[in-house]
Structure formats: structure tokens, C-alpha cells
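In the order they appear, the protein sequences are chains A and B.
Straight run, no breaks: the first sequence in this note's numbering ends on number 116.
Straight run, no breaks: the second sequence in this note's numbering ends on number 1114.
Hint data in this document are derived by calculation from the structure and do not stem from the laboratory.
No residue lacks a Cβ here, since even glycine has one placed at the ideal position from N, Cα and C.
Short derived list, chain A residues pointing at chain B, Cβ under 10 Å:
id, residue
1, 6
2, 30
3, 31
4, 34
5, 36
6, 45
7, 46
8, 93
9, 103
10, 105
11, 107
Pairs of lysine to aspartate or glutamate residues, derived as DMTMM-like cross-links and limited to a Cα-Cα distance of at most 20 Å, are as follows:
id, chain 1, residue 1, chain 2, residue 2
12, B, 1057, B, 1044
13, A, 5, A, 26
14, A, 42, B, 1107
15, B, 1083, B, 1062
16, A, 42, B, 1086
17, A, 42, B, 1044
18, B, 1042, A, 26
19, B, 1078, B, 1056
20, A, 68, A, 26
21, A, 57, A, 84
22, A, 42, A, 84
23, A, 42, B, 1003
24, A, 68, A, 56
25, B, 1078, B, 1044
26, A, 58, A, 31
27, B, 1042, B, 1059
28, A, 71, A, 53
29, A, 71, A, 56
30, A, 42, B, 1001
31, B, 1083, B, 1063
32, A, 5, B, 1044
Computed Cβ-Cβ distance ranges for the label pairs, DEER-style:
id, chain 1, residue 1, chain 2, residue 2, range
33, B, 1084, A, 46, 30 to 36 Å
34, B, 1041, A, 51, 27 to 33 Å
35, B, 1011, A, 67, 39 to 45 Å
36, B, 1074, A, 54, 34 to 40 Å
37, A, 5, B, 1074, 35 to 41 Å
38, B, 1052, A, 58, 36 to 42 Å
39, A, 81, B, 1052, 41 to 47 Å
40, B, 1070, A, 42, 23 to 29 Å
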Amino acid sequence: QQQVKQSPQSLIVQKGGISIINCAYENTAFDYFPWYQQFPGKGPALLIAIRPDVSEKKEGRFTISFNKSAKQFSLHIMDSQPGDSATYFCAAPLIAGGTSYGKLTFGQGTILTVHP
Amino acid sequence: EPEVTQTPSHQVTQMGQEVILRCVPISNHLYFYWYRQILGQKVEFLVSFYNNEISEKSEIFDDQFSVERPDGSNFTLKIRSTKLEDSAMYFCASSGDRANQPQHFGDGTRLSIL
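Okay, chain A solo, but in the shape it has when bound (with noise of 0.2 Å):
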């Protein structure tokens, strides 16, 4: 089964400071990694997304970094905010016998806490 590996499972970071998530894949074929932030109660949201043509994408204080030959792609949260406290989840569309129709898989998530 395709795996997708995401550490820490939880991160604890002071405000201000830069939070790290970084996830691993097993398979080589994909379009395009995104990655969600959930508050709780609340469905996933679409946080920033990174397609495998480029190394590094950068929005605002969120940016995805992408090393295609070590199969890895992290998230980065700098100046991390106590508001940014949430469960954040990488996730990859992985592809199985050349075909795809968008079937994400997700890491387990981190629960990153910010505190003030």
C-alpha cells in the first residue's frame, strides 16, 4: 500500500520560532503535494500546495520545500504565531498502475502547538 510518512507526530514551538514538518513518500509518480491545516471541528483546509517541477514555494510565512531524490517534502511555518496552533497534514496523490484520479493519501499528522 502506497505510504506516506509525516514527523514529528507533535511539535511544540515558542512564538516567533520556525516549525519543521517533514513528510516522505514511497512512490515516484505524482502530480502535485498539498498540505492541510485542521483546526478542530473543521474539515481540512487547503494550506499550500507544491508541484514536483519546483524546489521551493513560498507563501507568506508558509513554505514547502521538495527534494525529488530523497522522496521528501516539509513545511515550513516561520514566525510561527499561537494561531497557527492546529494539526497539519501532508498529503500526496498517489498513483498505482500508471492512473490516477486524485486519490489522496495522508501522513498522520503533527500537532503543532504555538505557545505565546
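Using the hints provided, position chain B relative to the given structure of chain A.
For chain B alone, kept in the frame of chain A given last:
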């Protein structure tokens, strides 16, 4: 900003009963999905739907599950005879005119089976 809406937000059902979860995807999207999340676990894919038919389904999506797009706006998930282990959050998602575009999720329906 357009969003995916799901109803009800919470559904409590007796084991063995049928339940229908409803979703209104973003209006110009063509690809539709259902996922579920058991409490404290990761989000799991159930089924994808395009051009009025199922395009992919997981091993979780057995004969007790079905999906339908009864009109131009709604997308439903039916569980025919619910089991205790069906208790979870169910999320609907949609994406645009190609399969591998970022998916947008609703806030989910919490399904509790008694």
C-alpha cells in the same frame, strides 16, 4: 470564497440503520471525493467520483457504501446498514477540471453509531 458544504454536521444513528450524508461541492468542480477520519487518526480515502461514475474506491468502500450525484449540485454518501466501526468524521472534497488539482474539503459530518 467558494466552499464545500456538508449536512448534517452531526448524525446519530442506530446500528443497522441506513444513513445518507450530503455534500454540495464547489459549483464549477468536476471531481468529487469522500474521505473519513476516525477520531485521532489520519484522513482516509473512500471514493472518487467523476462524470457520474465511481473512478476509484478503497477497500473500506464495500457493498454497504454507495455514492450518488442526484442533481447538478448535491453529492451524497449512503451507508446501507451501519456498523459501530462506521463511527467517524466523513469529509466531502471537490477539485476542478483535472483529477490532480488541489482538493477542497468541507467541515465534515460526525457520524455516531449507537
